[in-house]
Amino acid sequence: MTGHEFIELLANPTFWIAVLRIATPLILGTLGVLLCERAGVLNLGIEGIMVAGAFTGWLAVYGGAPLWLGVVVAAGTGGLLGLLHAFLTVGLALSQHVSGLGITMLATALSYYGYRVSFPKVATPPTITPFAEMDWLGLPILAQQTPLTLLALLLVPLIAYMLYRTPLGLAVRMVGENPQAAEGQGVPVVAVRTGAIVAGSALMGVAGAFLTLSAFNAFFFNMVNGRGWICVALVVFASWRPGKALLGALLFAFFDALQLRLQQSGGALLPYQMYLMLPYVLSIVALILVARKASYPQALMKPYRKGER
Amino acid sequence: MRLEKRSQSSTLALALAPVGAVIFTLIVCSLLVLWAGAPVGQAYALLLKGGFGSVFALSETLTRAIPLMLTGLAATVAFKARLFNIGAEGQLYVGALAAVAVGGLHDGTGWALPPALLFVLMMLAAALAGALLLLGPALMKARLGVDEVVTTLLLNFIVLLFVSMMLDGPMKDPLAMGWPQSVALLDDLTLGKLIAQTRVHTGLLWGGALAVGLWALMKFTVLGFNIRAVGANARAAAFAGVPVTRTVVLVAMLSGALAGLAGAIEVAGRTGYLTLDMSPGYGYTGIVIAMLAGLHPLGAVAASIFVAGVLVGADSMSRVIGVPTYIADVIVAASLISVLVATLLTQYRARWK
Chain A
1 MTGHEFIELL
11 ANPTFWIAVL
21 RIATPLILGT
31 LGVLLCERAG
41 VLNLGIEGIM
51 VAGAFTGWLA
61 VYGGAPLWLG
71 VVVAAGTGGL
81 LGLLHAFLTV
91 GLALSQHVSG
101 LGITMLATAL
111 SYYGYRVSFP
121 KVATPPTITP
131 FAEMDWLGLP
141 ILAQQTPLTL
151 LALLLVPLIA
161 YMLYRTPLGL
171 AVRMVGENPQ
181 AAEGQGVPVV
191 AVRTGAIVAG
201 SALMGVAGAF
211 LTLSAFNAFF
221 FNMVNGRGWI
231 CVALVVFASW
241 RPGKALLGAL
251 LFAFFDALQL
261 RLQQSGGALL
271 PYQMYLMLPY
281 VLSIVALILV
291 ARKASYPQAL
301 MKPYRKGER
Chain B
1 MRLEKRSQSS
11 TLALALAPVG
21 AVIFTLIVCS
31 LLVLWAGAPV
41 GQAYALLLKG
51 GFGSVFALSE
61 TLTRAIPLML
71 TGLAATVAFK
81 ARLFNIGAEG
91 QLYVGALAAV
101 AVGGLHDGTG
111 WALPPALLFV
121 LMMLAAALAG
131 ALLLLGPALM
141 KARLGVDEVV
151 TTLLLNFIVL
161 LFVSMMLDGP
171 MKDPLAMGWP
181 QSVALLDDLT
191 LGKLIAQTRV
201 HTGLLWGGAL
211 AVGLWALMKF
221 TVLGFNIRAV
231 GANARAAAFA
241 GVPVTRTVVL
251 VAMLSGALAG
261 LAGAIEVAGR
271 TGYLTLDMSP
281 GYGYTGIVIA
291 MLAGLHPLGA
301 VAASIFVAGV
311 LVGADSMSRV
321 IGVPTYIADV
331 IVAASLISVL
341 VATLLTQYRA
351 RWK
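Order-wise, the sequence lines are chains A and B. Position 120 (the first sequence) corresponds to 120 in the numbering used here; numbering is contiguous. Position 242 (the second sequence) corresponds to 242 in the numbering used here; numbering is contiguous.
Just so you know, these hints were derived from the structure itself, not from any lab. All C-beta atoms in this analysis are idealised placements derived from N, C-alpha and C, irrespective of residue type, glycine included. Just so you know, not all the hints are guaranteed correct.
Claimed, not checked - The calculated lysine to any residue pairs, modelled on SDA-like cross-linking and capped at a C-alpha distance of 25 Å, are:
(1) B:K49 x B:R199
(2) A:K244 x A:N217
(3) A:K306 x B:L31
(4) A:K306 x A:N225
(5) B:K5 x A:Y304
(6) A:K302 x A:K121
(7) A:K302 x A:E183
(8) B:K5 x A:S239
(9) A:K121 x B:W35
(10) A:K121 x B:R199
(11) A:K306 x B:L3
(12) A:K306 x B:S7
(13) B:K172 x A:Q263
(14) A:K293 x B:M140
(15) A:K293 x B:A238
(16) A:K306 x B:W352
(17) A:K121 x B:Q8
(18) A:K302 x B:Q8
What the hints assert, rightly or not - Incomplete in silico selection of chain A near chain B, CB under 7 Å:
(19) A109
(20) F216
(21) G226
(22) V232
(23) I284
(24) A286
(25) L289
(26) A291
The shape of chain A in the complex, shown without the other chains (with noise of 0.2 Å):
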């Protein structure tokens, strides 16, 4: 690609209106995680809470239900494997790695089972009609996304006047930083890392929903493709707050973006893997570049037992 093409494509509105659909599922998994980190636990069930979501939300429109009452079921179903969560980590102070990982297997595995039972032998994936874009709002880019995506822009500003502005983000803040101080100023710890684990988790559901009521119209296999683990790279690369969250989702996707787009036009130049690869490398070095100066909540992957220490 040469400048000159560079440019041109910069300044074409349908890149950017791909960008913007490419972040949509990664502002609401990373603003899922972040909630979740503040509150100092590590949710690694994202995910397979990202392919329940998908499925549970799909299957319910699919089953004749509005496409809205869908994401709320997606929310339902990543609220109740956050529950899960919740309960092995917060209640049982067990190992936050390994909790959320067996909850994204499980997650996983149910969903494709649930899959498979509900569609013993289809060859073709069954299709629902997904959102519509909103041509009513009269925007640029904006009117070419489907309400998921300014649901997702909207939560940016409203999670960070919470965690900033309102006594329950202190509480949240204060848990993930020192569980104890907050204990002895009268904070439910247990209750406010269960909540925020339980919210956090609700937004990992609508993100795998949003893959295929809004980007796709079906349920496919290894439709999440590793997006819930580029989340988890994305809290720590944003320094755990949601502008430099929506920031850093908008930036990844701009070179996942620039890399379809390389792809279609000088594919032969490099095998189509070498393109593919770019996300998660990009990942790794965003990971790199910040480590020296990431500041986690002091608390993360710090089981909190009342009285113990």
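Given chain A, put chain B in place with the hints provided.
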């Protein structure tokens, strides 16, 4: 509810915890079997028969257990030192890739090495490839504080794409009718069969020997002591003079090498060539095996045979009564979670106030 630490936990309870957890899991999963419209008793009977009920079933289970045993050991040693290596899947594939690359250097390419030497080089290359792949994340963790979970997970995707690139390009078998697969290994380089007319190969003995070796290493050597000390409390270990970074790096090399060998042994013992669907997630299942075994190397042997039996048995059960094979993945994942809880209950007592 609050948890109260038990003053001592009985060895019997500790040994029975995984068994109880698995039984609990099977009871819960019977609801899913009912959902698929199949009789629970018959489904589990068929699963048991398909996994362990005949010489053929057992041979298939043992064949499947070999890669799982090795990835299980890879997870065991890493998790013992609290190095969360989730990248065994990628390490398995680079191991397999290195094995077919080195194994392909035979007379036709001007490298007239005796097959025995080439075989040794092939296995060493696989172990080295796996070890080097984990060395990066381990060093990034030790030097920069980058969480190894995310880096090893992301590397799995990168490695799979890299292998796909190699099998589409320089390492593609030109005679494979366009399928992305490597040139098959020469017969001299493949592992012998353990039982005639089955697929069980001598890789099983390798797996068993490596498990015993790892157990001895953990129990009788200074490195083993250091690994346990770093895993129990890295800061206290450093204070007591344990070289923490060096131990973590050695653990990473060991864990990566075991996963790399899993790939090489799978190629040399079962498939003969490398394809992109060689491993249905053996790297990830290895973590379940390590946890089911309570991070005990010899327990990993038993756990891998159990998990392989569930996977193989579910395949055959599915063919008979149509319960989707994914039931096996559900059982394996749910066993992981229930074994975690069961082990906790051997150390803590739940008090309802």
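Q.
The hint names A291 (chain A) as touching chain B; please verify it with the least Cβ-Cβ distance against 7 Å.
A. holds, 4 Å
Q) Within a Cα-Cα threshold of 25 Å, do K302 (chain A) and Q8 (chain B) meet the stated pairing? A) Holds, at roughly 24 Å.
Q) Given I284 (chain A) was flagged as interface, is its beta-carbon under 7 Å from a beta-carbon of chain B? A) holds, 5 Å
Q.
Please verify whether K121 (chain A) and W35 (chain B) have alpha carbons no more than 25 Å apart.
A. Answer holds: K121 (chain A) to W35 (chain B) is near 16 Å, not above 25 Å.
Q | Agreement of K121 (chain A) and R199 (chain B) with the hint, judged by alpha carbon distance not exceeding 25 Å | A | The given pair, whose Cα atoms are some 30 Å apart, is violated under the 25 Å limit.
Q: Grab the minimum C-beta distance from A286 (chain A) to chain B and call the hint holds if it beats 7 Å, violated otherwise.
A: Check failed: Cβ of A286 (chain A) comes no nearer than 10 Å to chain B, outside 7 Å.
Q.
With the threshold set at 25 Å, check whether the alpha-carbon distance from K302 (chain A) to K121 (chain A) stays at or below it.
A. Not OK: K302 (chain A) and K121 (chain A) at ~46 Å, beyond 25 Å, violated.
Q. Taken at face value, is the distance from the CA of L31 (chain B) to the CA of K306 (chain A) at most 25 Å?
A. Given that 25 Å is the threshold and the Cα spacing comes to 36 Å, the pair is violated.
Q: Given the hint that K302 (chain A) pairs with E183 (chain A), test it: the Cα-Cα distance must not exceed 25 Å.
A: Given pair K302 (chain A), E183 (chain A) holds - Cα atoms ~15 Å apart, limit 25 Å.
Q | 25 Å limit on alpha-carbon distance, applied to hinted pair K293 (chain A) and M140 (chain B) | A | holds, 14 Å
Q. Is the Cα-Cα distance between K172 (chain B) and Q263 (chain A) 25 Å or less?
A. holds, 21 Å
Q. Holds or violated: are the alpha carbons of K306 (chain A) and S7 (chain B) at most 25 Å from each other?
A. holds, 18 Å
Hint violations for this structure: numbers 2, 3, 4, 6, 8, 10, 17, 20, 24 and 25, all remaining hints satisfied.
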